[in-house]
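A.B. asks: One letter stands for each residue in the lines below.
Protein chains: 4
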Amino acid sequence: MRTACLTLFTVAAALWIASAPTRAAETHRFVPERFYNTYSAAHPPALRIKPGDRVVTKTIDAAGVDWNGKSVGTGPNPQTGPFFIEGAEPGDTLVVTFEKIETNRAMAYSASLLAPYAAEPTAIASRVDRDAKRLTWTIDKAAKIARLDQTDVQPGGLQIPLRPMLGCVGVAPARKEAISTATPGPWGGNMDYAWLNAGVKVMLPVSEPGALLFIGDGHARQGEGEVAGTGLETSMDVEFTVDVVKGKAIGWPRMETATHIIVLGSARPLLEAFQHATSELQRWLMADYGYTERGAQTFMGQTTEYEVANVVDPAFTVVAKIPKSLLRR
Amino acid sequence: MRTACLTLFTVAAALWIASAPTRAAETHRFVPERFYNTYSAAHPPALRIKPGDRVVTKTIDAAGVDWNGKSVGTGPNPQTGPFFIEGAEPGDTLVVTFEKIETNRAMAYSASLLAPYAAEPTAIASRVDRDAKRLTWTIDKAAKIARLDQTDVQPGGLQIPLRPMLGCVGVAPARKEAISTATPGPWGGNMDYAWLNAGVKVMLPVSEPGALLFIGDGHARQGEGEVAGTGLETSMDVEFTVDVVKGKAIGWPRMETATHIIVLGSARPLLEAFQHATSELQRWLMADYGYTERGAQTFMGQTTEYEVANVVDPAFTVVAKIPKSLLRR
Amino acid sequence: MRTACLTLFTVAAALWIASAPTRAAETHRFVPERFYNTYSAAHPPALRIKPGDRVVTKTIDAAGVDWNGKSVGTGPNPQTGPFFIEGAEPGDTLVVTFEKIETNRAMAYSASLLAPYAAEPTAIASRVDRDAKRLTWTIDKAAKIARLDQTDVQPGGLQIPLRPMLGCVGVAPARKEAISTATPGPWGGNMDYAWLNAGVKVMLPVSEPGALLFIGDGHARQGEGEVAGTGLETSMDVEFTVDVVKGKAIGWPRMETATHIIVLGSARPLLEAFQHATSELQRWLMADYGYTERGAQTFMGQTTEYEVANVVDPAFTVVAKIPKSLLRR
Amino acid sequence: MRTACLTLFTVAAALWIASAPTRAAETHRFVPERFYNTYSAAHPPALRIKPGDRVVTKTIDAAGVDWNGKSVGTGPNPQTGPFFIEGAEPGDTLVVTFEKIETNRAMAYSASLLAPYAAEPTAIASRVDRDAKRLTWTIDKAAKIARLDQTDVQPGGLQIPLRPMLGCVGVAPARKEAISTATPGPWGGNMDYAWLNAGVKVMLPVSEPGALLFIGDGHARQGEGEVAGTGLETSMDVEFTVDVVKGKAIGWPRMETATHIIVLGSARPLLEAFQHATSELQRWLMADYGYTERGAQTFMGQTTEYEVANVVDPAFTVVAKIPKSLLRR
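Residue numbers (the numbering used here), protein chains in the order written: chain A, 0 to 328; chain B, 0 to 328; chain C, 0 to 328; chain D, 0 to 328.
Just chain A, same shape as in the assembly (with noise of 0.2 Å):
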């Protein structure tokens, strides 16, 4: 019988964690120098690491630049990685709680102006030159902001306070595809979405022996949407801890904060991504939370939130989630 809150979710994962209590779970500093443009079970494992276990390690700019400011990979997007966690294995659901995403140089980049899809087509004839309005933000850990000196962008320049996060988060896809880490999909990827920070735990379905984690593209903020086609791009210092759900599948990433339940859908257009985001936050309410089907769709309506990632990139990401104080007890 399921009294209080323990979901189907959480008995699997109690369960599983259960049954592999005796390894003492290992700390991994890993830094990368080799980098890669394509989620793909093809690319040689960088690191064997376990359930349990957590990664101390480095991502490089989306354009290839790391935290001394050198060139070490090429874009879009070079992931560190991949991660192969052990026993992992297609149908099962990968756990990766992320305790640290920080920025470690004092240097990002930007673009400046809206991009191709984000705004009105007849508000894009100014348009030019794209690659040359690159603009180059000082970033002040000490005072948590970012700042845009450049007064011929703004009279007065720009700040804003950090929010620092990671654009790409994703395993070897299905099928045995290698997709440009341009772009999200079921598998995650670079999916840009603004509240992926320090502290969030991210689900995706595994769909390759071991998984295979890719990590990347680091803003040190990033508005939803993404809609300059880019956030504040810089090199990050992060840490996680990787778990698996054995024989949980989902179709799409899904991601746990302290208040909400969220759910990322990928694909253009923004609408399909949005029935993605919808169609599986009614699996897992069903799934994880006791709703039947007409009592999740009802309670759906009442009480679901959207977000959208990004505009900008191949698929487009739309975020549902639900804040779990309404959730049922």
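Relax, there's no trap hidden among the hints.
The list cannot tell twin chains apart, which means a pair is met if one copy fits it or any two copies do.
Each computed SDA-like pair below joins lysine to any residue, with the alpha-carbon atoms no more than 25 Å apart:
| id | residue 1 | residue 2 |
| --- | --- | --- |
| 1 | Lys323 | Val152 |
| 2 | Lys99 | Arg47 |
| 3 | Lys323 | Arg162 |
| 4 | Lys132 | Met285 |
| 5 | Lys132 | Pro115 |
| 6 | Lys323 | Ile159 |
| 7 | Lys175 | Glu207 |
| 8 | Lys245 | Thr256 |
| 9 | Lys175 | Thr73 |
| 10 | Lys140 | Ser324 |
| 11 | Lys323 | Thr150 |
| 12 | Lys132 | Ser70 |
| 13 | Lys323 | Ala141 |
| 14 | Lys140 | Leu326 |
| 15 | Lys175 | Gly74 |
| 16 | Lys323 | Glu304 |
| 17 | Lys175 | Arg33 |
| 18 | Lys132 | Glu304 |
| 19 | Lys323 | Gly156 |
| 20 | Lys143 | Thr258 |
| 21 | Lys245 | Pro208 |
| 22 | Lys175 | Pro313 |
Simulated from the structure, these hints should not be mistaken for lab results.
These numbers come from a predicted model, not from an experiment.
Following the hints, complete the assembly by docking chains B, C and D onto the known chain A.
C.D. replies: Showing chains B, C and D alone in chain A's frame:
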């Protein structure tokens, strides 16, 4: 205190108010008896009011049932009004500040299925007998919750906090059109934005003399996206004050709350609603907050937030907003 | 052999015609003097006609200029009509057979740029000063060509065969709406279908007593998609005959030519226009041609043809059609 | 100076051919034994051929069944190839002329329901048990028809003329991606264009050395849009000749027939596929036919024709084409 924060808009409003200082604002109590199903300047004004005036009125539910449970109008979304605002002319902006939006009966109804375009089409095979599935909720105003007791829909029923809103706020559209109250557009209308609650200021573009303001379609609560196709549909007590900003033309409805400036773009596909909201927000930043074209675009890329108001009306509505705390001072 | 092949449509038409055998059809010569910019039953009938009657009339161009080069109406798409068809009631189908659609002056104008949503947004950077780029073509009716002599636009100029059509054929819409003549919908309207030429039969759903038929927006020629935002805009001599099929309700405009049955669905996004055309075609096959639901879907999968009528109006139009030679006999 | 009709394309082709005059073209007979489900340069070449060479080969059906009714591959769309074309380098254009596309067995299968996005979502309530509804057709090559004898689907059955085509023609994609053969894109792939029949010339952009040509997914006939989600799926005898145009980069697949020049754009949403086709056609007119930017746009507005190739694959395909008879001479 907001000192340098006197925006152009504020200045314009101040000038306008300065030009009409002597008249005392009136409060009008208006109980509607006739309801409209199109936004159109062809309907005779129900009440003539002046800038600064307050209106205390009521709205009936989306199917035409009033606060006594009596059917007095016909769906969809029968409107209270139109209110003719003296001095409002094409090219002005009408400002409506809602002091009160409050449920005034104990019953609300909702649908119990996700709407056709809100979820994956392959997930809707079981969609049958839509009309038969209208659910009845109890509004418990003292406890501040809405309650669904039908345990055949969901064992244990459902209960969620109230968050009263108006689905429809609109004026007569441009080009002498008469548009169904099922739809939102540049004139406002059936935007179904879950956060159009008491306390918000709504700005609408005036296209006809007197603006012709209509309101209706109250929801005791609604999720974002209105993915079930309805909120908790009910009647409302509403109080609002009107103002006019002379000579200020806006392209899409805008809102202001204690924390955000907000734009509501409406269209299909969803991306085009997003584009309208984005471009109108840029125009607002440039006109009223001192941003250059490039400065506005750069700033928006790292700060804009998006919500999906509805994906179920003939036009969908996307909200773009920015926290006031991030705006230039 | 298909004896039961008298379709419902045919039967209904036969019955109707049988019930009105004695009256001789009239020919009305009507030179319009007043033009409308909305489809609406609120406009007074310009002429009352009966089923079987023929109308010989004229249309002015999309900007309001007539066959003498005189500006007598205002854009967009000022309409000739409305024609009130005696006996047409909501739920009937109006049938309009165009015997003649012919240019009646030597001048046409067109735009010279691809419209905002017709081409890749990154390819429209040079789009400036749209109004200034109106081009003037010469209609050479003897040679059956239209000619652009502006060699600054294209060295050597351009010349293409005439193919006269009407961009707009519509009736008063449902729900008492008044809709801009810029837009197509279930009522017909600005569908901008390049193959609505002399010889076609157009069927429209009747929503108001008398149907209220409007026509206008003649093009000496137009490409599919109307991707430049205009055809070769000019005035026309038009002759048509009307009929009414009593008690036959259709969902979207239909056409019949010597070779095809045709449905025109209009909406944004483009896919939704496609969906309406597809579903209406299925309903047609089932109602009039003896297909089962599954038979219709199976057959359509291997035989349907699609064209894009326009991607530039507020709603886009997609055409689904099937060669008559493939239909069941 | 540009005299007469010597386009750049023609010049380039002429130069290339001039540089390799001495070798006699070979004919290769290739019976495939291994089939691929991704477009990728990672697969080893099945055959190395030279420009000018002819290949006589076979394809199996979309589910992997060959001309003997034997299951030899797995869905979706197992491909024959890849063919490595000597001398083809990134930045070149591969030209494939199909001399023969002909059914080689008596059985084809099809679906019997409209696909999820092809029809109105409210019209698909009865969609159940999709897999069970695979229908079997008889290919009568002598009578040139396909016949469905299942009278439970349609009383009297169905019969329609054959029109054999290949759903898939593609090369290795750019950026080292490996893409499922379910999908079309700039590399070609699963475009499902009903008019890719014997006699057409297909042009594809080369992204990898040798191009790596794959073919498959033959249909005895298919409607436009492929709205049932399948054509009449069967195996094929195929003969084609290859050529390479050195140094000519194209953005999307192109075709040429006796009557038209044709571009195939693929994306979701449908409008974006339309946009790619339109913009690529403009680039073609400017590069090879002497049109200015403005001349091309003006001309396209009055002459372009559009078809919808598919709305059922992960990316949709739209065709833009122009009759050769209208092109400048």
